[in-house]
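Asker: Sequence:
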Amino acid sequence: KDFLRSIGEKFKTFDKAQKGQYLSLLEKTKYNGVIGVREHMMKLVHYYNKLKSLKVELGEIYLIWQVLESLPSQFDVLKTYYNTQKEEWLMISFTLHLQDPFLLLRHPNTNGRDKDPSSKA
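Quick note: the sequence shown, position 95, residue 96 per my numbering, numbers continuous.
Listed next, with one range per pair, are the computed distances between beta-carbon atoms: (1) E70 x V35: 16 to 24 angstroms; (2) T81 x G34: 18 to 26 angstroms; (3) K17 x M43: 23 to 31 angstroms; (4) N50 x F15: 16 to 24 angstroms; (5) Q86 x K17: 35 to 43 angstroms; (6) E89 x T30: 18 to 26 angstroms.
Calculated from the structure, these hints are not laboratory results.
The beta carbon of each residue, even a glycine, is placed where N, CA and C say it ideally should be.
Build the full structure now, drawing on both the sequences and the hints.
Answerer: Spelled out as structure tokens, the structure:
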């Protein structure tokens with residue numbers, strides 16, 4: 002019985018450490034321009050889902066806010082658009098907004114697209 006209690010205590014400690022690790026990753030991961038925006042977003046969704054599996058409920062609104070906060074100032078158009086909407090976006094609608102060329106000021110590495118949506122070259 003003491004052995005099982007000891008194992009349970011060690012598991013709780015490991016569980017807390019994992020929660021802390023994924024919370025830290027979710028909070029501190031910033032978009033670096035090396036990968037596409039969608040890939041960056043999916044990395045944050047992965048951390049969010051890991052936390053959810055560890056019974057840490059943050060809510061999709063927090064996740065979307067965290068994704069927006071992790072983007073540099075070149076994505077301010079997207080941030081402003083989100084902040085001016087009456088309704089809260091769910092992750093699926095947020096993903097769709099990331100595909101809108103006029104909302105996403107595109108970085109050269111955002112999935113091979115050019116920066117200016119009106120450019121012809």
